[in-house]
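Undergrad: So you can see what is in the structure, the chains are spelled out below.
Number of protein chains: 2
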Amino acid sequence: MNMNFLMPTELIMGKDCVVNNASVFSRYGKKAMLVTGCNSAKQNGSQEDVLKALNLQNVDYVIFDKIMANPTIDIVYEGAAFARENKVDFIIGIGGGSPMDAAKGIALLAAQEISQENLFSGIYENSVLPMIFIPTTSGTGSEVTKYSILTNDAAQTKTSIASPVIFPKVAMIDAKYTESVNLTTTINTAIDALSHSVEGMLCNKANPISNLLAKDAIRKIAECFTQLQEGSITSESREKLIYASALGGIVISQTGTTAVHAMGYSLTYFKHVDHGRANGLLLGEFLEFVEIKKPELVHEILECMNLSSVSEYKNIMAKLLGKKELITQEEIEQYANIAMKAKNIPNSVVVPEQEDLIHIFQKSFQ
Amino acid sequence: MNMNFLMPTELIMGKDCVVNNASVFSRYGKKAMLVTGCNSAKQNGSQEDVLKALNLQNVDYVIFDKIMANPTIDIVYEGAAFARENKVDFIIGIGGGSPMDAAKGIALLAAQEISQENLFSGIYENSVLPMIFIPTTSGTGSEVTKYSILTNDAAQTKTSIASPVIFPKVAMIDAKYTESVNLTTTINTAIDALSHSVEGMLCNKANPISNLLAKDAIRKIAECFTQLQEGSITSESREKLIYASALGGIVISQTGTTAVHAMGYSLTYFKHVDHGRANGLLLGEFLEFVEIKKPELVHEILECMNLSSVSEYKNIMAKLLGKKELITQEEIEQYANIAMKAKNIPNSVVVPEQEDLIHIFQKSFQ
Chain D
3 MNMNFLMPTE
13 LIMGKDCVVN
23 NASVFSRYGK
33 KAMLVTGCNS
43 AKQNGSQEDV
53 LKALNLQNVD
63 YVIFDKIMAN
73 PTIDIVYEGA
83 AFARENKVDF
93 IIGIGGGSPM
103 DAAKGIALLA
113 AQEISQENLF
123 SGIYENSVLP
133 MIFIPTTSGT
143 GSEVTKYSIL
153 TNDAAQTKTS
163 IASPVIFPKV
173 AMIDAKYTES
183 VNLTTTINTA
193 IDALSHSVEG
203 MLCNKANPIS
213 NLLAKDAIRK
223 IAECFTQLQE
233 GSITSESREK
243 LIYASALGGI
253 VISQTGTTAV
263 HAMGYSLTYF
273 KHVDHGRANG
283 LLLGEFLEFV
293 EIKKPELVHE
303 ILECMNLSSV
313 SEYKNIMAKL
323 LGKKELITQE
333 EIEQYANIAM
343 KAKNIPNSVV
353 VPEQEDLIHI
363 FQKSFQ
Chain X
3 MNMNFLMPTE
13 LIMGKDCVVN
23 NASVFSRYGK
33 KAMLVTGCNS
43 AKQNGSQEDV
53 LKALNLQNVD
63 YVIFDKIMAN
73 PTIDIVYEGA
83 AFARENKVDF
93 IIGIGGGSPM
103 DAAKGIALLA
113 AQEISQENLF
123 SGIYENSVLP
133 MIFIPTTSGT
143 GSEVTKYSIL
153 TNDAAQTKTS
163 IASPVIFPKV
173 AMIDAKYTES
183 VNLTTTINTA
193 IDALSHSVEG
203 MLCNKANPIS
213 NLLAKDAIRK
223 IAECFTQLQE
233 GSITSESREK
243 LIYASALGGI
253 VISQTGTTAV
263 HAMGYSLTYF
273 KHVDHGRANG
283 LLLGEFLEFV
293 EIKKPELVHE
303 ILECMNLSSV
313 SEYKNIMAKL
323 LGKKELITQE
333 EIEQYANIAM
343 KAKNIPNSVV
353 VPEQEDLIHI
363 FQKSFQ
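Protein sequence lines, in the order shown, are assigned to chains D and X. Heads up: the first sequence begins at 3 in my numbering, then just goes up one per residue. Heads up: the second sequence begins at 3 in my numbering, then just goes up one per residue.
Keep in mind that the hints were calculated from the coordinates and are not lab data. It cannot be assumed that every hint is accurate.
Identical copies go unnamed one by one, so any copy, or any two together, can satisfy a pair.
[Stated by the list, open to error] Below, simulated DSSO-like cross-link-like pairs (lysine-lysine); rule was C-alpha separation at most 30 Å, straight line: (1) Lys17 - Lys296; (2) Lys295 - Lys207; (3) Lys316 - Lys295; (4) Lys54 - Lys207; (5) Lys17 - Lys217; (6) Lys217 - Lys365; (7) Lys207 - Lys178; (8) Lys44 - Lys171; (9) Lys33 - Lys178; (10) Lys17 - Lys295; (11) Lys207 - Lys17.
Looking at chain D on its own, in the form it has when it is part of the complex (with noise of 0.2 Å):
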């Protein structure tokens, strides 16, 4: 039984955590730097909760709402250079994966001085800005992972930093945050959560304790699989969603992600689907691939969610995601190019080649 598990961010859970928890945003400093985006965090009531708790502890604050969806390098290093002219000690990270990776960033760079061609080494000093994060949406777990996903357009595709100084030092996760998401985007980013722990157990990383995050997190997800397509989602089930979004960045901390996400990063960058979907439209044909060597493996997947074969998840998957996109053959074949060279293709425990990439989004595809 070998394993690594690290996940030093604290998780504070629950109905009005970020208000009930004030005394947190005084731990680490006098001065605070809001990272988000233009809207949601005003909408949601998550920015005017965090002023709030701010101000129950007199601690000052600067706002940098410029984060725009699938962040660029550029809007980082701005970040950074706005929280050095503003002296800010720590970062408070607001938003879907978007602000919260876009944060991470900033946070590194403010501490330490990173060329961008270096930004994506994995080799950085241990200094970096402490973070206390807060998840509006339910995907991306970037509030407990490790990872600050860029786009980065020298490589025409997203790209991570990915290393332990980035964890955030707590995680305020309140589902009445969600609550204003609109379905389509509760169904993308319910799909990342749920791709996230299915690739944590494809993933050669995975061990007992990312099994049994993950395991939990496909359930409460599977749970919500009715409501998703109904169109009807309760708080219970929100708090469902936002909870196995959690574990699922608990999980992909450990183990890494698959060619699933590889393939899904062209999709966004060159198609601009919706990362959620973009995994969601990839994830049953990799399963499919993955199970013609480890048929156990995909079945303890599938058993979390009540099903016996993948295509009755892929038959799900159609109802949740709708009219696909169209993509070329020219288009495919780039794609698979660009996926190979990913640092997530070796991590999976069936290893795809360029050709199994191209079969792979033929058939998500056709």
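With the hints as your guide, set chain X onto chain D.
TA: Structure of chain X alone, referenced to chain D:
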């Protein structure tokens, strides 16, 4: 779904993990202090492996091998003075619960001044010497907990320093060091680990993640019941037991323990009953006490062991523990009186009164 979860200790588990991860020992400074007992770390190969790793990394060291079973407050202050004199940068704790718990106290007291009267106050500064722990028994889980449990003569019991400050940085877990542990200790420590996970599920701070871990620990220990009874324990079972012990540690760091631990401390303090055995003698009757008000919860626990009643569980414990100690009614009343003052009494989902403790003691020893 309210939940707090914190487990910042990095887990590294597997055969030869100490030597294979020698670089971990150079992370925290140039001079280490080994804290251990006088014998077992030398006999089971753990100290030799640590010294090999330190030499590989050119890390200097001193050895403090005076830790006795149920370590005293005095030995912890003595160790801290030794750490200061020798200007060590970090602490390596090797052994069962006693050396590891003492090592935590030493790491804390070497970094900050705390008077004996404030030692158990729970209020400490944030400074502590970094700790790397190597368990050589499969019971305490101290390698991943925030507890240091010391013999407290003033209170005539064992009392814990409990603080996130004393989480070890790294736990290196190799079941091979437990191969030489004798059968009685293997049984007692396995029951200690079982008790941690069962009690964790009975605590009002139990949460979905702690329960996932607790259930897996209970399953793994129950899979070893037959071998423990027969006295022939395979290496595979030793791996299950040390894994379960670590899970139990993670669990109680979230949940705390229950009256079982509070009551058991008197058996250890006054009658020198081994800690794990003490828990084992009491846990069955405590389960029966909880079952009256929370039958589903107790059955969820029993299911992990493939058992359908508490009496089946008690039969297994009776076989494992053998002849019980003699204990008088007067002693029972004294112990119940002391136990009622413990912090862990109000922790459980069904809080016992003093007369309940008396009843549990009586039935446990009849």
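Undergrad: For the identical chains here, do Lys44 and Lys171 meet the 30 Å Cα criterion within one copy, between copies, both, or neither?
TA: within (23 Å within a copy, 38 Å between copies)
Undergrad: Within a copy, between copies, both or neither: where do Lys295 and Lys207 come within 30 Å Cα-Cα?
TA: within (17 Å within a copy, 42 Å between copies)
Undergrad: Could you figure out if Lys207 and Lys178 sit no more than 30 Å apart (CA to CA) within one copy, between two copies, both or neither?
TA: between (34 Å within a copy, 22 Å between copies)
Undergrad: Given a CA cutoff of 30 Å, do Lys17 and Lys295 count as a within-copy pair, a between-copy pair, both, or neither?
TA: between (44 Å within a copy, 27 Å between copies)
Undergrad: Reference check for the pair Lys17 and Lys296, CA-CA at most 30 Å: within, between, both, or neither?
TA: Classified as between; 26 Å across copies, 41 Å inside a copy.
Undergrad: Between the shortest in-copy and the shortest cross-copy C-alpha distance, which are at most 30 Å for Lys17 and Lys217: within, between, both, or neither?
TA: both (24 Å within a copy, 26 Å between copies)
Undergrad: Regarding Lys207 and Lys17, is the shortest C-alpha distance of 30 Å or less found within a copy, between copies, in both, or in neither?
TA: So Lys207 and Lys17 pass the 30 Å test across copies only (16 Å; inside, 34 Å).
Undergrad: Classify it for me, Lys54 with Lys207: is the Cα-Cα distance of at most 30 Å met within a copy, between copies, both or neither?
TA: between (41 Å within a copy, 27 Å between copies)
Undergrad: Have a look at Lys316 and Lys295 and pick one of within, between, both or neither, based on CA distance no larger than 30 Å.
TA: within (19 Å within a copy, 44 Å between copies)
Undergrad: Is it within a copy, between copies, both, or neither that the alpha carbon of Lys33 lies no farther than 30 Å from that of Lys178?
TA: Answer is within; shortest intra-copy Cα gap is 26 Å, inter-copy 49 Å.
Undergrad: Could you place Lys217 and Lys365 in one of the four classes (within, between, both, neither) given a Cα distance threshold of 30 Å?
TA: Classified as within: same-chain Cα gap 27 Å, cross-chain 40 Å, threshold 30 Å.
Hint compliance for this structure: no hint is broken.
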